[in-house]
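Protein chains in written order, with my numbering: chain A, 1 to 246; chain B, 247 to 733.
Just so you know, the hints here were simulated from the structure itself, not pulled from any lab data. Glycine included, every Cβ here is placed at the ideal spot set by N, Cα and C. Be aware that a few hints might be false.
To be verified - Across the chosen pairs, the derived CB separations fall in these ranges:
id: 1; chain 1: A; residue 1: Ala140; chain 2: B; residue 2: Gly286; range: 34 to 44 angstroms
id: 2; chain 1: B; residue 1: Leu448; chain 2: A; residue 2: Arg246; range: 27 to 37 angstroms
id: 3; chain 1: B; residue 1: Ala610; chain 2: A; residue 2: Asp223; range: 31 to 41 angstroms
id: 4; chain 1: A; residue 1: Met77; chain 2: B; residue 2: Ser575; range: 40 to 50 angstroms
id: 5; chain 1: A; residue 1: Ala231; chain 2: B; residue 2: Ala610; range: 37 to 47 angstroms
id: 6; chain 1: B; residue 1: Asp678; chain 2: A; residue 2: Tyr243; range: 43 to 53 angstroms
id: 7; chain 1: A; residue 1: Asp29; chain 2: B; residue 2: Arg573; range: 32 to 42 angstroms
id: 8; chain 1: B; residue 1: Arg573; chain 2: A; residue 2: Tyr243; range: 21 to 31 angstroms
Stated by the list, open to error - With the Cβ distance kept under 10 angstroms, some of the chain B side facing chain A (calculated, not the full set):
id: 9; residue: Pro329
id: 10; residue: Leu331
id: 11; residue: Leu423
id: 12; residue: Glu430
id: 13; residue: Ala556
id: 14; residue: Arg559
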Amino acid sequence: MQIALFSDIHANAEALTACLDHARANEVDRYVFLGDYVGYGADPGFVVDTVQAHVSRGAIAVRGNHDDAIETGTDQMTESAARAIAWTRGQLTPSQRTFLRGLPLSASEADRLYVHANVDAPAGWDYITNLYTASRSLIAMRTHIALCGHIHVPALYHMSPTGKVASFEPIGGIDIPLSRHRRWLAVLGAVGQPRDGDSAACYAILDDARETLTYMRVPYDIDNAARKIRAAGLPARLADRLYAGR
Amino acid sequence: METFLTDAAPAPTPVHDVRRLRVGETIDGFHLEEALPPGGMASFWRVTHPDFALPLIMKVPLLRPGEDPITIVGYEMERMILPRLHGPHVPRFIAAGPFEQPYIVMEFISGTSVKELIAETPLAPGRVAAIGVQIAFALHDIHRQHVIHLDLKPSNVFLRSGEDAVLIDYGLAHHELLPDLIAEEMDEPVGTGPYVAPEQVLRDRTDPRSDIFALGVILYFLATGERPFGEPQRAAEWRWRLWRDPFPPRAWNPNILPWLQEIILHCLEVDPERRYATAAQLAFDLQHPSEVALTARAERIARDGIITVALRRFRASRGSAPRPRKRVSGVLTRAPIVVAAVDLAGDGALADAVRASAERILAADPSARLACVNVLKIARLAIDPWEDEQGRNRHLQRMIELKHWARSLLVDPARLTYHVLEATDPGAALVDYARNNNVDHLVLGARRTSAVRRHLGSTSAHVVAQAPCTVTVVRTGRASGAEAPEA
Chain A
1 MQIALFSDIH ANAEALTACL DHARANEVDR YVFLGDYVGY GADPGFVVDT
51 VQAHVSRGAI AVRGNHDDAI ETGTDQMTES AARAIAWTRG QLTPSQRTFL
101 RGLPLSASEA DRLYVHANVD APAGWDYITN LYTASRSLIA MRTHIALCGH
151 IHVPALYHMS PTGKVASFEP IGGIDIPLSR HRRWLAVLGA VGQPRDGDSA
201 ACYAILDDAR ETLTYMRVPY DIDNAARKIR AAGLPARLAD RLYAGR
Chain B
247 METFLTDAAP APTPVHDVRR LRVGETIDGF HLEEALPPGG MASFWRVTHP
297 DFALPLIMKV PLLRPGEDPI TIVGYEMERM ILPRLHGPHV PRFIAAGPFE
347 QPYIVMEFIS GTSVKELIAE TPLAPGRVAA IGVQIAFALH DIHRQHVIHL
397 DLKPSNVFLR SGEDAVLIDY GLAHHELLPD LIAEEMDEPV GTGPYVAPEQ
447 VLRDRTDPRS DIFALGVILY FLATGERPFG EPQRAAEWRW RLWRDPFPPR
497 AWNPNILPWL QEIILHCLEV DPERRYATAA QLAFDLQHPS EVALTARAER
547 IARDGIITVA LRRFRASRGS APRPRKRVSG VLTRAPIVVA AVDLAGDGAL
597 ADAVRASAER ILAADPSARL ACVNVLKIAR LAIDPWEDEQ GRNRHLQRMI
647 ELKHWARSLL VDPARLTYHV LEATDPGAAL VDYARNNNVD HLVLGARRTS
697 AVRRHLGSTS AHVVAQAPCT VTVVRTGRAS GAEAPEA
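With the rest of the complex left out, here is chain A:
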């Protein structure tokens, strides 16, 4: 089975559409969404509707901190993120908000865990930024693979049976075998606001028969996504950073 995984779409309709088209062309069988559907971008309604439609057909979706902030507030957010959330509240319908509110913090199937930020304390929204924070998740895991997002920079951490934790910077389009002899923590890049210096949208395909994970990079119509952010009156920086991928 080929499982497509999308994280941090952030209301970027162009990036999401490009990734979904790419996944369809790769004949994926299953869709998993790892949270942060809204915030930053100009198309929250379209993105939530798209994710909801996939969930109604059996896809898995978990909740991210930006989805959470629609209801709980923006105390811990940067100013531009908080302004985007305030704007987003006015864009979402009550049923869209109900959908976001009802999403779980994590989900698991077979020997995989899906979560937005981290495994050890998902509701605290701490970032996985280094071997130390990654090892907390790897130790807390009870599955062979955990997949998350949140930081917008792709990384692949793994822990051997002797407890050695290491990281790897994945290269787009390369099938990485996930050996069963260790645990894997895959941090996906962002669909809608990449921050690793590559402006292309990032998603991943997990092949559970071949036991490989492939980070995909998909170019999308940044001009249109950025134009809509500016037209909506959102901070210009949110449009500019899409070009830099930072």
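Once you have looked at the hints, place chain B on chain A.
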């Protein structure tokens, strides 16, 4: 082994206990025919399968409780890397077992292992070079596939009957696009004592030139019957090669010619920057002994004096600045073999333009090497003794002209070689030359179009269509009325 994985994965349910495998058993369709001598980390079986006609071998890692973690990590690495390698220089990957029952099935390589040749050492220089060329070709092939072997030694090299070298055992290898599980698992350098490169001793696993060092050790061994750094048992002794240079090969065997010593010591340089940049460049020298640029290395007959060695040891003890991380593909693309095919009989302006173009390519890549090639067109291959002498004169004359052509190149002469090819078909000769020498970039001039050339096809068109590398076709500027109008 402590296993946190038992609560994650389904409880292991070994169908067959690998420690009690028996001839006659069948695992996932593979029938165990014969037990082969076991290695340190795995047992080996000749197997057959109804779907595969080729001879097969099954490698079963010895995963026992308390086993050295290198065993399992080595198995994980080989399982990742072997299926991604292709071509005549690696055993074909067939299948791998599931978590509960690890094994790898691959093509059984029939042929001689280089280890078997050790009994015959010292080998004649020509034979050492011939074997070295095949191993260097194999190395260049895996390097181009993003893999560094990092455990190259005689027992891991097989020579197929058709001469191709096959490199086996990727348990310690590095793939530049995949996680390096060895680097993270092991606190000590890994490898095989006599063959590890100095940078491997310092735990750098990302330099393809480490394999060139190991090949240098093999060539030294074959040529002299001695190992340049002995057989150190403890990893601490591996460090000695950072400052203690080996006896020059000619100190062991005076029959070794200067060019071969030059090549071997060039491979064994402590600083990878001073070794051959690519295995293709090494193969090139081994194939063209008369073109090897001889340095002080070729003449050396004794090891460095105690003061020089003590100084090097002192510097090594102070450590060195961390070296920038390399990528296999980066090292390869910066060190191309470039060929300038020069037509000396024709238009001087065109030969000048080819030289200018080659010079620009060499300026961009400081590790690039330039082979200056001229094709001496002959009517047929068989010639009588009188013509033979005349032919030699023509050959020599062309060589003189070719060197004259190259004299104004502003390039270190050590980066240049000269070759006059005799052929009935210049285009085919250039294509063969490019293929046999792993050429990356071929520069040649195209003469102006003529009716004959349009009908029969030009040399440049043939080379562009057939050469296995990048081809730059140089034309001289369009002088007024120079371009023949279309008839």
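These are the hints, each one checked on the structure:
| no. | hint | result |
| --- | --- | --- |
| 1 | A/Ala140 to B/Gly286: 34 to 44 angstroms | holds (36 angstroms) |
| 2 | B/Leu448 to A/Arg246: 27 to 37 angstroms | holds (34 angstroms) |
| 3 | B/Ala610 to A/Asp223: 31 to 41 angstroms | holds (34 angstroms) |
| 4 | A/Met77 to B/Ser575: 40 to 50 angstroms | holds (41 angstroms) |
| 5 | A/Ala231 to B/Ala610: 37 to 47 angstroms | holds (45 angstroms) |
| 6 | B/Asp678 to A/Tyr243: 43 to 53 angstroms | holds (49 angstroms) |
| 7 | A/Asp29 to B/Arg573: 32 to 42 angstroms | holds (34 angstroms) |
| 8 | B/Arg573 to A/Tyr243: 21 to 31 angstroms | holds (27 angstroms) |
| 9 | Pro329 | holds (8 angstroms) |
| 10 | Leu331 | violated (13 angstroms) |
| 11 | Leu423 | holds (5 angstroms) |
| 12 | Glu430 | holds (3 angstroms) |
| 13 | Ala556 | violated (37 angstroms) |
| 14 | Arg559 | violated (32 angstroms) |
The structure is inconsistent with the numbered hints 10, 13 and 14, although it conforms to all the rest.
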